[in-house]
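Q: Model the full assembly from the supplied sequences, consistent with the hints where possible.
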Amino acid sequence: MVVGHVVMVGIMTMMPLHMRSGGHGLQVIGAMISLHIVGMYAFSPIVGRLVDRLGPHRLIVVGSLLLAVGADVAAHDEAHQSLGAFVGMFIVGIGWSCGLIASSALLVRTFDGPNRVGIQGLADMCMTTGGASAAIVAGFVLELSTFPVLGHGAAVVGGLPAVAVLIRWLSNGPSGKNGMSGPLEGFRILDLAR
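Sequential numbering of the sequence shown, starting at 1, is according to my numbering.
Don't read these hints as lab results, they were simulated from the structure. The C-beta atom is built at its ideal place from N, Cα and C for all residues, glycine as well. Any given hint could be a false lead.
Computed Cβ-Cβ distance ranges for the label pairs, DEER-style [unchecked claim]:
| id | residue 1 | residue 2 | range |
| --- | --- | --- | --- |
| 1 | GLN81 | PRO114 | 44 to 54 Å |
| 2 | GLY23 | GLY113 | 53 to 63 Å |
| 3 | GLY23 | GLN120 | 36 to 46 Å |
| 4 | SER34 | ALA132 | 14 to 24 Å |
| 5 | GLY25 | LEU170 | 40 to 50 Å |
| 6 | GLY113 | ILE167 | 21 to 31 Å |
| 7 | SER44 | PHE111 | 16 to 26 Å |
| 8 | ALA79 | VAL137 | 19 to 29 Å |
| 9 | LEU160 | GLY118 | 22 to 32 Å |
A: Put into structure tokens, the structure is as follows:
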């Protein structure tokens, strides 16, 4: 949840500046941001259904990998080009959606009673603070370096939740102790169609 917001806000706030430096007008930049927002919200019902079917841990991994891929695609976009910006930011939006919905579902499943509301509030505060901090740091990175450096850094950060979940799966062993089954345990491609 927090990592997704950090990656998304960090790269989203600087992409318009990167594109503007390449000569793109506000119409193109606005279209890119619009497509990014479509990625963030349009697939939410599908993502929610996938979280219910496959579990939040798997969707956290999917979201993390999408964030990393999207940020990397955007990082390879030259300022005067726009295809990488459109594709990369759309993928970042979908990754953000997967991470946020899966993390929220995990919080609801993990905490109950009076603790749930406080934990959700703390998570929202951390997410918002992380996003605001990411925008500030991204500005410094862009000022001191280049957009590709920012994008590649965001890709590395975006992949961290996938690494954390995979390490936890591996440490639990094949039995799936601690209530967490392995990444492919019980997974069938037909589960997606149900």
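Q: Hint by hint, say whether it matches the structure.
A: Each hint, compared with the structure:
Distance hint for GLN81 and PRO114: a CB-CB separation of about 52 Å, consistent with the stated range 44 to 54 Å. For GLY23 and GLY113, the Cβ-Cβ distance of about 56 Å falls inside the hinted range of 53 to 63 Å, so the restraint holds. Distance hint for GLY23 and GLN120: a CB-CB separation of about 43 Å, consistent with the stated range 36 to 46 Å. Between SER34 and ALA132 the beta carbons are some 23 Å apart, a value that agrees with the proposed interval 14 to 24 Å.
For GLY25 paired with LEU170, a C-beta distance near 49 Å keeps the hint of 40 to 50 Å intact. In this structure the supplied range 21 to 31 Å holds for GLY113 paired with ILE167, their Cβ-Cβ distance being about 30 Å. At about 22 Å, the beta-carbon gap between SER44 and PHE111 stays in the expected band of 16 to 26 Å. Checked against the hint of 19 to 29 Å, the C-beta distance between ALA79 and VAL137 comes to roughly 20 Å, which is consistent with it.
About 25 Å separates the C-beta atoms of LEU160 and GLY118, a value consistent with the hinted range of 22 to 32 Å.
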